[in-house]
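Colleague: As a plain string of letters, each chain reads:
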Amino acid sequence: MDEKKAAQIKKLETESAALMQKIREESDIKKKQKLIAEREKKQRKLTAIRNNRILSREAKRDLVAYSFIAPNFIGFAVFTLIPIVFAFVLAFMNWDGSNEITFVGFDNFMKLPSDTFFVAALKNTMIYVVGTVPLTMIASLALAIVLNQKIIARGLFRTVAFFPYVASLVAITAVWSMIFHPSKGPINYLLLTVFGVPQENLPKWFSGSLVLVTLILFSVWKYMGYYMVIYLAGLQGISAELYEAGSLDGANTWQKFKYITWPQLRSTTFFVVVMLTINCFKVYDIAVMLAGGSDGKLSTSATVLVYYIYQNAFNYWDLGYSSAIAMVLFLIVLAVTLVQFRYEKKLEA
Amino acid sequence: MKKKVLSVLLSATMLTGLLAGCGSDGGAQTSENTADNTQTQTDAAADTNTDAAAETKEDETQTDAAATDANAGDAAGEAVTLKWAIWDKDTTPYWNALKEAYEAANPNVTLEMVDLGSADYMTVLATELSGSGSDFDVVTIKDVPGYATLVSKNTLEPLDSYISAAGIDLSQYGGVDKQVTVDGSLYELPFRNDFWVVFYNKDIFDAAGVDYPTNDMTFEEYDALARQVADPTFGSQIYGTHYHTWRSAVQLFGVLDGQHSILDGEYDFFKPYYEMVLNQENDQICRNYADLSAEGLHYSAAFSSGDVAMMNMGSWYISTLISSLANGEYDSSLCGNWGLVKYPHADGVEAGSTLGTITGLAVTSVSANKDAAFAFVEWVSGAEGAKVMAETGNFPALMNDEVAGIIAGLEGFPTDEASKEALSVSNLYLEVPYAENVSQINDILDTYHKSIMNQEVTIDEGIASMNEEVGKVLGQ
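Protein chains in written order, with our numbering: chain A, 1 to 349; chain B, 350 to 825.
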């Protein structure tokens, strides 16, 4: 035992000496630092062996640190990391949850373009995102600017604007279904009586091509309060001196907005747009509640990607195919977010 | 280096954590079950009155039961607990009735019911049975698409050998067993069988001075009758018919001729029925689909509000109507005077052909007590189970004159002869017969049914899409 230990010590000593020699000869400062770090490691190991300790003091310190993050990380790994990695793998497999998993390569992805329901879901999701993101951003910015002024009952109005976000989705979709009811709803009643739209041409808000418009309107209304709060925080971070200086230079309201508010809010806008985009791609609950009818099933005019993922996974038990669709959704969101980050960086430079 | 070792260590801890998690999960489940079990026991103890009633019933069936017991042989004696998946325990009276009757006849068996809820029962059940760790012995099969899923996941036990060993005559189920046979094997035995009839409101017909519908109507006669009795006057509107938003309520008129099925892949035979219903909708003979779907109106609310003259619906609605009228939930001045007739039929097709939907019991492939589980399945789907079902106002799969008599004799069942006669079915076609890809076919037909009924597409376009998409699924 001791002999072995002595041999180990000797080996480490010679290695460390050789490293020392190398360090002296090395001229490149970065490489030199690396070698020094390596030698230090060897030295630490050496002291650990000499002092009859299994773990060096540093290793012990590291272990304590890891044990602090372990509870959180284990939860994250079990419920998030492992399932995500598993989903990536499953996209190339064929599995129904019970029988054996078989590898199918890119078959799941090859099926996608000819799948009418996937194409419809992709198209609808895209339209929804393109419609919802800019509208919500504009609406929430406008609300924030108005409610940042010194107006009467400002707190009340802020609460009112935030209310749809707090209210239960199920309850407010029920209310929307009543308001937009194709034959008894007040909206269509107004169109009929005030605007003279003939009864047979009254819009059916929950079917056909209009259903996406209804979905977009609903999400803008529901989520603008939340993003308004973020914009309000951003607005309050803008120094009043800038506006004062602007006034002295004779800037009008529009110029103040264009040259002070908008550039100062850039990082807020970036955050809002990224969060909105990601959230919009995940749309599922709103579509099912508003357009799902009594059985919660979406027809091709309203189907969205997440709904189709769910359907494939838990109705048809084609877990591989549904993972492949999830992968497509992931890649789209990743690509869009990367483009946004790059654009933001370009503006910063 | 050290970091690598540590990360390996960490992931090892994570994995053990994962496994430990699974283990303790199982533990929690069993303790939950025992809690559930004691609950049912106290329930049973509290209900001494019903117990006594059940016992008198028991005496009548004792001789039959003794016979089956003798057949089952070794089933008696050893104590067995069977875990049984069901839905809506509190609102569905027959689960407890079946449990009590079976436990009384087989004292060694304890049934442990696990309520998975009705809304997404088959999805939850499929998830429960996925992978290992499930300990269900008997599962209730709610619909055929879900059945197809469970069979393809190899979670159900083929019952053929048990059926032949027990000497069960499948012809007693009137051929529905053939519609759920998978590659020559049967994985469930039906115990409940609902079929579609036309409910009508006699008061509306009386007020309009129109004759009641009959048990022998062609679709033309049915359509004419609906138009005769309907009154589109705003404010006091009377609808001649009502079609619930399910595709079965409209599309499946087409399969009654026995020559077509939803598994065909060619759906041009739906066309005349879509035309009939959409024309009725446009002439305000029935409520329009877009409205129904937006407000999510339930068929029971539609019929009980007293402005619907005729409604095609499953026979399960009979027991709802009877009990809701009895406890005052429905206003009997609006819908208390109701009747039943058989489904209308196409020209040249025998009257009494209708759609059906079966509920079955299956034995899981992981069950440790397959023989005891099958003995229970056999009992429920057999004559004794049928009697219990009929006494709670439900239609057993095993329909005979005695059972029909029990239902027609229920308090609150219409007293006219035509309603009693409407309970006899000549041909029963399942709403969804078995096929491997039936879930997908079902969803495709649902999707385009929605599009057609919302008038997003024309009938021809919708049917063409059905043909194309189902063709793809069948071609796989």
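It cannot be assumed that every hint is accurate.
Here are the computed lysine-lysine pairs in the DSSO-like style, where the Cα-Cα straight-line distance is at most 27 Å [to be verified]: (1) B:Lys821 / A:Lys123; (2) B:Lys502 / B:Lys769; (3) B:Lys719 / A:Lys297; (4) A:Lys42 / A:Lys31; (5) B:Lys736 / A:Lys184; (6) A:Lys111 / B:Lys438; (7) A:Lys22 / A:Lys5; (8) B:Lys736 / A:Lys297; (9) B:Lys736 / B:Lys502; (10) A:Lys346 / A:Lys297; (11) B:Lys736 / A:Lys42; (12) A:Lys282 / A:Lys258.
Worth flagging that the hints you see were computed from the coordinates, not collected in a lab.
Colleague: Now, for every hint given, state plainly whether the structure supports it.
Modeller: Here is how each hint holds up against the structure:
| no. | hint | verdict |
| --- | --- | --- |
| 1 | B:Lys821 / A:Lys123 | holds, 21 Å |
| 2 | B:Lys502 / B:Lys769 | violated, 42 Å |
| 3 | B:Lys719 / A:Lys297 | violated, 37 Å |
| 4 | A:Lys42 / A:Lys31 | holds, 17 Å |
| 5 | B:Lys736 / A:Lys184 | violated, 47 Å |
| 6 | A:Lys111 / B:Lys438 | violated, 42 Å |
| 7 | A:Lys22 / A:Lys5 | holds, 26 Å |
| 8 | B:Lys736 / A:Lys297 | violated, 37 Å |
| 9 | B:Lys736 / B:Lys502 | violated, 33 Å |
| 10 | A:Lys346 / A:Lys297 | violated, 43 Å |
| 11 | B:Lys736 / A:Lys42 | violated, 84 Å |
| 12 | A:Lys282 / A:Lys258 | violated, 32 Å |
Taken one by one, the earlier hints fail for this structure at numbers 2, 3, 5, 6, 8, 9, 10, 11, 12, listed in ascending order.
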